[in-house]
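Protein sequences, first through last, are from chains F and E.
Start counting the first sequence at 1; every next residue gets the next number (this note's numbering).
Start counting the second sequence at 1; every next residue gets the next number (this note's numbering).
Mixed in with the good hints there might be a few duds.
[Said to hold, decoys possible] Ranges of calculated distance between the beta carbons of each label pair, as one might list FRET restraints:
(1) E46(F) / R309(E): 48 to 54 Å
(2) D137(E) / R53(F): 52 to 58 Å
(3) P358(E) / F80(F): 51 to 57 Å
(4) L313(E) / E23(F): 40 to 46 Å
(5) E23(F) / L112(E): 28 to 34 Å
(6) F80(F) / D306(E): 19 to 25 Å
(7) E327(E) / A43(F): 29 to 35 Å
(8) R53(F) / T42(E): 36 to 42 Å
(9) Q225(E) / D20(F): 28 to 34 Å
(10) F80(F) / Q225(E): 48 to 54 Å
(11) E27(F) / N293(E): 26 to 32 Å
(12) F80(F) / E359(E): 39 to 45 Å
(13) S250(E) / K86(F): 38 to 44 Å
(14) L112(E) / F80(F): 26 to 32 Å
[Unchecked claim] Subject to a maximum C-alpha distance of 20 Å in a straight line, what follows is the list of computed SDA-like cross-link-like pairs (lysine to any residue):
(15) K50(F) / T504(E)
(16) K494(E) / R21(F)
(17) K340(E) / R21(F)
(18) K86(F) / L463(E)
(19) K76(F) / L52(F)
(20) K494(E) / L74(F)
(21) K18(E) / R62(E)
These are computed hints drawn from the structure, not numbers from a lab.
Cβ coordinates follow ideal geometry from the N, Cα and C atoms, glycine included.
Single-letter residue listing:
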Amino acid sequence: MDCNSSTECRPVRPQPLPLDREELEIELFRSRDEFIALRARLAQSEIEVKRLRESAALKYFTSPTEHLDYLEGLVKDLEFQILELKKSTTWRIGRFIMSPIRLLKRG
Amino acid sequence: MLISFVTPVFNPPPWALKELGENLISQLGDDCEWILVDDGSTSQEHHKLLQLLNRYPSVSVRWLDENLGISGATNCAIELARGDFIAFVDQDDLLSPDACSVVRNELHDQPLTDILYSDEDKIDDDGRRYGRFRKPDWSPERLRHQNYLSHLTVIRSDLVRSVGGLRSDFDGSQDFDLVLRCSEKAQRVTHVPKVLYHWRSLSTSTAATPEAKPTAHVAAVRAVQEHLDRVGLRGNAFLMENYYVGVDRSPASHPLVSIVIPSRGTTARISGCAVCLVENCVASIVELSTYENYEIIVVLDTDADDEVRNRLLTIDSRVLIVEFDGEFNFSRKINLGVVKSRGEVVIPLNDDTQVLQPEWIEQILPYLEEPDVGTVAPVLFLEDGRIQSAGHFFQDGAHHVGAGLAASDNGPFGILSFPAERSGATFAAVAIRREVYEQVGGLSEEFPRAFNDVDFCNKLAQLGFRTIVTPKAVLYHFESLTRDPKVDESEVRKLYERWRHVITAPDEYLPHFWRQCYGIE
Numbered sequence: 001m002d003c004n005s006s007t008e009c010r011p012v013r014p015q016p017l018p019l020d021r022e023e024l025e026i027e028l029f030r031s032r033d034e035f036i037a038l039r040a041r042l043a044q045s046e047i048e049v050k051r052l053r054e055s056a057a058l059k060y061f062t063s064p065t066e067h068l069d070y071l072e073g074l075v076k077d078l079e080f081q082i083l084e085l086k087k088s089t090t091w092r093i094g095r096f097i098m099s100p101i102r103l104l105k106r107g
Numbered sequence: 001m002l003i004s005f006v007t008p009v010f011n012p013p014p015w016a017l018k019e020l021g022e023n024l025i026s027q028l029g030d031d032c033e034w035i036l037v038d039d040g041s042t043s044q045e046h047h048k049l050l051q052l053l054n055r056y057p058s059v060s061v062r063w064l065d066e067n068l069g070i071s072g073a074t075n076c077a078i079e080l081a082r083g084d085f086i087a088f089v090d091q092d093d094l095l096s097p098d099a100c101s102v103v104r105n106e107l108h109d110q111p112l113t114d115i116l117y118s119d120e121d122k123i124d125d126d127g128r129r130y131g132r133f134r135k136p137d138w139s140p141e142r143l144r145h146q147n148y149l150s151h152l153t154v155i156r157s158d159l160v161r162s163v164g165g166l167r168s169d170f171d172g173s174q175d176f177d178l179v180l181r182c183s184e185k186a187q188r189v190t191h192v193p194k195v196l197y198h199w200r201s202l203s204t205s206t207a208a209t210p211e212a213k214p215t216a217h218v219a220a221v222r223a224v225q226e227h228l229d230r231v232g233l234r235g236n237a238f239l240m241e242n243y244y245v246g247v248d249r250s251p252a253s254h255p256l257v258s259i260v261i262p263s264r265g266t267t268a269r270i271s272g273c274a275v276c277l278v279e280n281c282v283a284s285i286v287e288l289s290t291y292e293n294y295e296i297i298v299v300l301d302t303d304a305d306d307e308v309r310n311r312l313l314t315i316d317s318r319v320l321i322v323e324f325d326g327e328f329n330f331s332r333k334i335n336l337g338v339v340k341s342r343g344e345v346v347i348p349l350n351d352d353t354q355v356l357q358p359e360w361i362e363q364i365l366p367y368l369e370e371p372d373v374g375t376v377a378p379v380l381f382l383e384d385g386r387i388q389s390a391g392h393f394f395q396d397g398a399h400h401v402g403a404g405l406a407a408s409d410n411g412p413f414g415i416l417s418f419p420a421e422r423s424g425a426t427f428a429a430v431a432i433r434r435e436v437y438e439q440v441g442g443l444s445e446e447f448p449r450a451f452n453d454v455d456f457c458n459k460l461a462q463l464g465f466r467t468i469v470t471p472k473a474v475l476y477h478f479e480s481l482t483r484d485p486k487v488d489e490s491e492v493r494k495l496y497e498r499w500r501h502v503i504t505a506p507d508e509y510l511p512h513f514w515r516q517c518y519g520i521e
């Protein structure tokens with residue numbers, strides 16, 4: 001409440017907190033880095049799954065081994081984490097503020 | 001799918017052609033054919049052999065009435081070829097016994113491939129093999145300096161015909177000219193890391209000695225120059241002393257460059273004298289650099305001596321100091337410096353570096369103009385003149401290319417003498433476009449002291465960007481004068497958590513580099 005006299009008070013609209021652009025950029029770096037790291041770990045897991053599938057001992061099994069089950073579960077977990085990260089406010093703000101991710105290699 | 005092996009023939013050593021015949025005939029089948037074109041040979045010693053080969057069902061021989069040159073004869077063979085792919089084989093060379101099947105299987109597994117190339121080695125008169133060339137994966141920058149594709153190269157027939165086949169004007173380097181033109185249109189270039197081709201080392205061939213065909217080198221320079229002109233890159237091609245093609249490039253524009261230097265303001269001994277490292281670094285930039293459109297952002301620890309601050313600010317008006325308060329974290333310092341900067345290009349630079357040549361920035365910028373180049377790095381030298389780092393390669397971990405070698409060392413197959421792709425580069429000195437830096441999330445603070453650069457370059461690679469190291473830009477790096485060279489085990493663990501699959505596999509661009517350096521095969 002804002003009271004400029006003893007008899008008159010008006011409700012005050014709350015002021016927005018000042019955004020530190022530089023801090024936000026640093027935070028965006030962290031989010032992007034985390035996302036790319038997750039993708040890297042996902043790629044590693046996929047390679048490991050492929051390696052196990054290709055090994056002769058597993059090729060003729062009709063059902064995966066416990067280790068293969070675990071690795072496939074890990075892949076699914078990582079995919080879920082990636083989806084969750086993409087739903088996060090930080091990531092959505094980042095996509096809004098930063099340049100759209102175009103494939104820069106195509107110019 | 002049918003693969004057509006094409007061989008132009010002109011006065012071949014009959015024994016060599018016979019060996020090739022036995023070698024290739026055993027591999028032909030329903031999916032491989034062999035086309036030979038005799039280019040008006042004056043010698044008749046091999047005539048009967050060609051007639052015999054012509055009787056085989058998968059072999060076709062044509063005799064030309066006049067000599068058209070190697071390009072003309074090869075183009076005739078290409079006209080006769082029925083295959084989806086053309087594989088180029090010289091008359092006196094040999095293929096590995098499984099070349100056909102390996103090529104076929106690889107093209108089947110990678111159906112988008114337009115150009116395929118394999119590793120190669122040489123074979124002497126006694127049949128001994130030597131000089132194995134372990135080639136990099138697709139490296140367009142390297143190709144501008146060296147026809148590293150060489151043999152065995154297989155190109156999609158439609159692509160060869162669309163560029164008009166080989167050009168006689170470039171005889172001697174007609175294959176180099178062809179692969180440059182085809183690579184400009186190729187959707188995918190596939191490398192088979194296996195020796196499928198044995199290049200016979202005769203005294204008259206460039207396999208034995210590059211001086212054997214001087215006109216070939218002139219043609220190579222022209223081929224590269226025309227390639228640069230076609231793809232719109234500013235540059236002048238010339239012949240280097242080691243017979244590779246050099247390119248003088250200049251930047252098309254002069255963007256603002258932000259040089260970010262993290263520092264604690266420490267003093268160390270250089271050439272026997274105690275110097276403040278960051279002052280020495282900044283002074284060398286200001287005094288030597290011919291490029292003028294830059295700013296220098298020094299990210300200085302808050303507890304650094306005020307005298308250092310004052311002296312830095314008096315060196316040049318383009319110096320800005322950003323205070324850093326907190327536990328040492330190289331990544332965080334660089335990220336902070338980048339965020340505070342304004343340039344289109346950022347150059348993270350260690351404070352223990354020193355500019356050696358005036359045009360170092362002009363030598364780096366042209367490569368960043370290519371949209372798929374993420375990072376460009378100079379070659380760094382130690383105080384004693386030996387190479388400290390010419391990029392990173394992976395072999396059960398990350399290592400500096402050329403560490404400890406003399407500055408004059410060209411490296412295996414000349415790799416240190418021209419700009420080329422690398423798996424990564426040290427952030428002691430590197431240039432990045434700002435938009436790329438932001439896209440990959442900057443340097444990861446998960447790596448406060450070490451491996452942040454290895455991680456960064458792998459993030460770039462994951463997004464399809466290349467890292468180029470150029471020996472045309474050089475700096476001193478008085479390595480680890482300011483920090484403990486010990487590596488934190490937790491950072492090693494994090495590196496392997498993210499990139500085990502990359503850093504334990506053979507390096508993409510310098511496979512088995514140490515073996516090649518020491519000639520161990």
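To see whether the hints hold, each was checked on the structure:
1. Checked against the hint of 48 to 54 Å, the C-beta distance between E46(F) and R309(E) comes to roughly 50 Å, which is consistent with it.
2. Separation of D137(E) from R53(F) is about 24 Å and departs from the stated range, judged on CB atoms against 52 to 58 Å.
3. Range check, P358(E) to F80(F): Cβ separation about 54 Å, and the 51 to 57 Å hint holds.
4. The hint said 40 to 46 Å for the Cβ distance between L313(E) and E23(F), and at roughly 25 Å that hint is violated.
5. Remark: the range hint 28 to 34 Å for E23(F) to L112(E) is contradicted by a beta-carbon distance near 44 Å.
6. At about 52 Å, the CB distance of F80(F) to D306(E) disagrees with the hint of 19 to 25 Å.
7. A beta carbon spacing of about 31 Å between E327(E) and A43(F) agrees with the range 29 to 35 Å that was offered as a hint.
8. The hinted window of 36 to 42 Å between R53(F) and T42(E) is violated, with their beta carbons roughly 59 Å apart.
9. Distance hint check: the CB atoms of Q225(E) and D20(F) are about 51 Å apart, inconsistent with the given range 28 to 34 Å.
10. The given range of 48 to 54 Å is respected by F80(F) and Q225(E), whose C-beta atoms sit roughly 53 Å from each other.
11. Distance hint check: the CB atoms of E27(F) and N293(E) are about 30 Å apart, consistent with the given range 26 to 32 Å.
12. Between F80(F) and E359(E) the CB atoms are about 51 Å apart, so this pair departs from the stated range of 39 to 45 Å.
13. Between S250(E) and K86(F) the Cβ separation comes to about 42 Å, which falls inside the hinted range of 38 to 44 Å.
14. For the pair L112(E) and F80(F), the supplied restraint of 26 to 32 Å holds, since their beta-carbon distance comes to about 31 Å.
15. A threshold of 20 Å between alpha carbons decides the hint, and for K50(F) with T504(E) the separation of about 17 Å falls inside it, so the pair holds.
16. Distance restraint check for K494(E) and R21(F): the Cα-Cα separation of roughly 29 Å exceeds the 20 Å cut-off, and the hinted pair is therefore not satisfied.
17. For the hint pairing K340(E) with R21(F), the CA-to-CA distance comes to about 10 Å; that is within 20 Å, so the pair holds.
18. Of the supplied pair hints, the one linking K86(F) and L463(E) holds, its CA atoms being roughly 17 Å apart against a limit of 20 Å.
19. Distance check on the hinted pair: K76(F) and L52(F) sit about 17 Å apart at the alpha-carbon level, within 20 Å; holds.
20. As the CA atoms of K494(E) and L74(F) are separated by approximately 17 Å, the hinted pair is consistent with the 20 Å bound.
21. A threshold of 20 Å between alpha carbons decides the hint, and for K18(E) with R62(E) the separation of about 17 Å falls inside it, so the pair holds.
Going down the numbered hints, you'll see the structure goes against 2, 4, 5, 6, 8, 9, 12 and 16, while the others check out.
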